[in-house]
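Asks: So the chains spell out like this:
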Amino acid sequence: MTTGSVPKRFSIPIGPQHPALKEPGHFDFSVDGEVVTGATVRLGYAHRGIEKAAENQNWVQNLYLLERICGICSHIHATAYCLGVEKLADVEAPPRAQAIRVLIAELERVHSHLLWLGVTAHEAGFDTLFMYSWRDRETVMDILESLTGNRVNYSANMLGGVKFDVTDDNRKAIERGVNFLETRTRHYLNVVTTDQVFVQRTRGVGVITREQAEQLGVIGPTARASGVLRDVRVEAPYAAYRDIPVQPVIETAGDLEARFVVRLKELFESYRLIRVILEQMPPGDLNVRMPRRPKAGEAISRVEAPRGELFYFIKSNGADNPERVKVRTPTLCNMASVLVTAVGQQLADVPMILAGIDPCFSCNDRAVTISKAGDATSAVWSWQQLRQYSQAYYRRRL
Amino acid sequence: MKIGSMLVDILRSLVHPPATQIYPSERRPAPDRLRGKLHWNPAQCVGCGLCSKDCPADAIEIITVDKQNKRFVMRYHADRCTYCAQCVKSCRFNCLQMSPEDWELAATNKQAFTVYYGDEHDLQRLVERNTQPDAEPAKTG
Amino acid sequence: MTTEDRLRQAQEALSPWAQEADAPEPVRLDIVLDRSHLPSAVAALMNIRWGYLVAITGLDLGAEAKQYEVLYHFGSGAALLTLRVRIAHADSVVPSITGIIPAASVAERELSEMFGIRVIGLLDQSRLFLPDDWPDGVYPLRKDAVLEK
Amino acid sequence: MQLKLADLWTNALDQVKTWARVNSPWVIHFNSGSCNGCDIEILATLTPRYDVERLGIKLQGSPRHADVLICTGPVTRQARERLRRIYEQMPEPKFVIAVGSCSISGGAFHRCYNVIGHIDEVIPVDVYVPGCPPRPEAIIDGVVKLLEKLRGAKTQSANAEQEGEWRDDNRG
Numbered sequence: 001m002t003t004g005s006v007p008k009r010f011s012i013p014i015g016p017q018h019p020a021l022k023e024p025g026h027f028d029f030s031v032d033g034e035v036v037t038g039a040t041v042r043l044g045y046a047h048r049g050i051e052k053a054a055e056n057q058n059w060v061q062n063l064y065l066l067e068r069i070c071g072i073c074s075h076i077h078a079t080a081y082c083l084g085v086e087k088l089a090d091v092e093a094p095p096r097a098q099a100i101r102v103l104i105a106e107l108e109r110v111h112s113h114l115l116w117l118g119v120t121a122h123e124a125g126f127d128t129l130f131m132y133s134w135r136d137r138e139t140v141m142d143i144l145e146s147l148t149g150n151r152v153n154y155s156a157n158m159l160g161g162v163k164f165d166v167t168d169d170n171r172k173a174i175e176r177g178v179n180f181l182e183t184r185t186r187h188y189l190n191v192v193t194t195d196q197v198f199v200q201r202t203r204g205v206g207v208i209t210r211e212q213a214e215q216l217g218v219i220g221p222t223a224r225a226s227g228v229l230r231d232v233r234v235e236a237p238y239a240a241y242r243d244i245p246v247q248p249v250i251e252t253a254g255d256l257e258a259r260f261v262v263r264l265k266e267l268f269e270s271y272r273l274i275r276v277i278l279e280q281m282p283p284g285d286l287n288v289r290m291p292r293r294p295k296a297g298e299a300i301s302r303v304e305a306p307r308g309e310l311f312y313f314i315k316s317n318g319a320d321n322p323e324r325v326k327v328r329t330p331t332l333c334n335m336a337s338v339l340v341t342a343v344g345q346q347l348a349d350v351p352m353i354l355a356g357i358d359p360c361f362s363c364n365d366r367a368v369t370i371s372k373a374g375d376a377t378s379a380v381w382s383w384q385q386l387r388q389y390s391q392a393y394y395r396r397r398l
Numbered sequence: 001m002k003i004g005s006m007l008v009d010i011l012r013s014l015v016h017p018p019a020t021q022i023y024p025s026e027r028r029p030a031p032d033r034l035r036g037k038l039h040w041n042p043a044q045c046v047g048c049g050l051c052s053k054d055c056p057a058d059a060i061e062i063i064t065v066d067k068q069n070k071r072f073v074m075r076y077h078a079d080r081c082t083y084c085a086q087c088v089k090s091c092r093f094n095c096l097q098m099s100p101e102d103w104e105l106a107a108t109n110k111q112a113f114t115v116y117y118g119d120e121h122d123l124q125r126l127v128e129r130n131t132q133p134d135a136e137p138a139k140t141g
Numbered sequence: 001m002t003t004e005d006r007l008r009q010a011q012e013a014l015s016p017w018a019q020e021a022d023a024p025e026p027v028r029l030d031i032v033l034d035r036s037h038l039p040s041a042v043a044a045l046m047n048i049r050w051g052y053l054v055a056i057t058g059l060d061l062g063a064e065a066k067q068y069e070v071l072y073h074f075g076s077g078a079a080l081l082t083l084r085v086r087i088a089h090a091d092s093v094v095p096s097i098t099g100i101i102p103a104a105s106v107a108e109r110e111l112s113e114m115f116g117i118r119v120i121g122l123l124d125q126s127r128l129f130l131p132d133d134w135p136d137g138v139y140p141l142r143k144d145a146v147l148e149k
Numbered sequence: 001m002q003l004k005l006a007d008l009w010t011n012a013l014d015q016v017k018t019w020a021r022v023n024s025p026w027v028i029h030f031n032s033g034s035c036n037g038c039d040i041e042i043l044a045t046l047t048p049r050y051d052v053e054r055l056g057i058k059l060q061g062s063p064r065h066a067d068v069l070i071c072t073g074p075v076t077r078q079a080r081e082r083l084r085r086i087y088e089q090m091p092e093p094k095f096v097i098a099v100g101s102c103s104i105s106g107g108a109f110h111r112c113y114n115v116i117g118h119i120d121e122v123i124p125v126d127v128y129v130p131g132c133p134p135r136p137e138a139i140i141d142g143v144v145k146l147l148e149k150l151r152g153a154k155t156q157s158a159n160a161e162q163e164g165e166w167r168d169d170n171r172g
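Chains as they are written, first to last, in our numbering: chain A, 1 to 398; chain B, 1 to 141; chain C, 1 to 149; chain D, 1 to 172.
In short, the hints are calculated from the structure, not lab data.
As the structure is a prediction and not an experimental result, all values here were calculated from the model.
Positions of the beta carbon are idealized from the N, C-alpha and C atoms, including for glycine.
Treat the hints with care, since some could be wrong.
As the list claims (entries may be wrong) - Listed next, with one range per pair, are the computed distances between beta-carbon atoms:
#, chain 1, residue 1, chain 2, residue 2, range
1, B, Asn-130, A, Asn-56, 26 to 34 Å
2, C, Asp-91, A, Gly-125, 31 to 39 Å
3, A, Asp-142, C, Ala-63, 20 to 28 Å
4, A, Gly-125, C, Asp-5, 45 to 53 Å
What the hints assert, rightly or not - To be clear about the criterion: a stretch of chain A counts as covered by chain D if any three or more of its residues have a C-beta under 8 Å from a C-beta of chain D, and this derived list gives those stretches:
#, segment
5, 46 to 52
6, 93 to 104
7, 147 to 153
8, 346 to 352
Required output: the full structure, derived from the provided sequences and hints.
Replies: Listed below in structure tokens is the structure:
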């Protein structure tokens, strides 16, 4: 560093091991004072090469490999793959299996959104909310564990159906758990929209306008918080969603608060769906026989993961192994929005903005670099001036 | 707008019983469907090898001891296993089961994770065959 | 607007460039294009505000065909439009569509990294998610890639 | 006599050190390419239901403050150097717990080209916790097994010896 002149811009590297996020990713923020002027991210720490590995093992093995793309939304990955392969093989899973798939997908959405609520609250320094939401999340984890046999990576799907049935005991446990979670979610919705301390960290922060959202191709709850309806469950229903219509949740503000509200309101929709599925569970078999080699062809399957649209392209050449499996995860579409919206924001808000899209690096294992030069004027200030400025600034913010 | 909207939770927690489970001193029974360590029953096995073929992690090896009399030994790697239970579904003779009891598998060395299942007599024969220097290597499949 | 209407609208907008059209599923439409027409076709789609770019898929058609195929998936509601562009192994170059859809840069960088397909007009060609010490000239998703652990 | 006193003193100090270490291990967590499943389960052990802080375990943000490194996931090519660097930054004595099947053997990812191996090919591991992912209880069980090991051994020297062994293994 040279003395005599103050460098105009600092670059702040964060990661790959960092205290806030539990996943590896390297960020580089250039800042002008406290304002972010550019952001780059280097991912790939969790890049394992799954798409290639999928070409070298058989169709059944791939189900479990692809399920492990992401531990948080594992079931939805497996569902997308199963739906695609079943399409190729011209087989349809029985209605009861479809209903169980959707039931678990919605339970998974509940677990994922509650997890996100806690982690993002932790980013905001609101550890009380983090601890309480994770305590309540254990309710849905218990349900999933007793239903599927594992807390994460449920392995509920198999090609041609599901592995297990929903018993009366399960049904009762789910109903009890959902009732409890519904009252808790109402409480949390109240907290994130009325608690003054928290709202100051979220309202008007990291705004993605409707135009930006459309232009950047944002998807999932992040898009829905900006007033863009992108929900595969609504637009192109699959599995049991064809019989049980989903009411989309839309907010228009596009800021962090709206993202909280959208995800929490989606939880109520999930609770409703879970109740409806349990009520209207069709009778019948759990799975149908699948050929070991699906016919040659191409299939596309799109499903709605907790983070947004998940896209699978599967190509078969009639052999034991797939010819190509392409996975496009929701975080890939949303990551660009973070780096764009982070520019011009306070550095202290960046972790919140990043967490706001519910990023998942394991899903993503790709990287994005978007740099935008800030136009903030640089000047050398005395300590006194800086203090006055900061006080005035925060008074303005309040 | 208000401040401290979670204060009620905190106050309520003062009188509620704790949510914490004191795990190592008190062991809560796991759910029946829990997928723990794999167990193999050799009685029904015909050695089709579908379990090891469908295993996403190569955790199962079926070793043929005597092909004519259908004697097999299974080598199971608990450290490779993804606990997905595909093998249980693939087996048409219900030889495999995932135990809801065996899930505390932590160990300080890796040898503990390689487990041999099978008839005692077959295991003995396998050991003999492997100790003989000119014996053909154990066939897997 | 129904899904059929959307697909019809897309087909009409793309008709000047479409070499072949196919509907593998009722909600899907595949259109084969020449790579030189790709930017104008994508611009035509965006002009009528038809959906958004869902993904870009690369395919290696193998040693016999000696071709790559690049698939640009667009989604609008339930309708799914795929623009297919075929290029030879020896001449693996496609034009970039980032001028029209800036968010496509990620997908295009992935394509060039995994298949070694050169994307003309893509500004940032730096390494995306392969490791820093990855050998140059090895493209993992090519069928003939030699991958050492 | 003087020598004996010094011995006593070192012995007592060792005991105090072991006591402190066993009663309050500070941990750091690194994901070297895992699917996230183990990570959220590790996080779950910190939250009210399992609350490992009652065992004196505290999650640290910096490797400089940590005694135990909890690793998840197979080691990807890009994460290998970072994992090694974090391990090197930790003060002696240090211990490693590998959580999840893929961190022990590659698990479902053993066919992936960018996975160069498992944790114990990069750094020495003290306790292995298989599972995909292991339940939070099983992770606590792993930590407890590590603590038992610490209580039994004179940690500093034992660790040094073990590391020597590990290096030998690797050479061969």
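Asks: Please go over all the hints and tell whether each is borne out by the structure.
Replies: Cross-check of the supplied hints:
1. B/Asn-130 - A/Asn-56: 26 to 34 Å: holds (30 Å)
2. C/Asp-91 - A/Gly-125: 31 to 39 Å: Because 55 Å falls outside the window, the suggested range is violated.
3. A/Asp-142 - C/Ala-63: 20 to 28 Å: The hint (20 to 28 Å, Cβ to Cβ) is violated, given that A/Asp-142 and C/Ala-63 are roughly 52 Å apart.
4. A/Gly-125 - C/Asp-5: 45 to 53 Å: holds (50 Å)
5. 46 to 52: Check passed, 6 qualifying residues.
6. 93 to 104: violated (count 0)
7. 147 to 153: holds (count 4)
8. 346 to 352: Three-residue rule not met by the segment 346 to 352 of chain A, so violated; n is 0.
Going through the hint list in order, the structure does not satisfy hints 2, 3, 6, 8.
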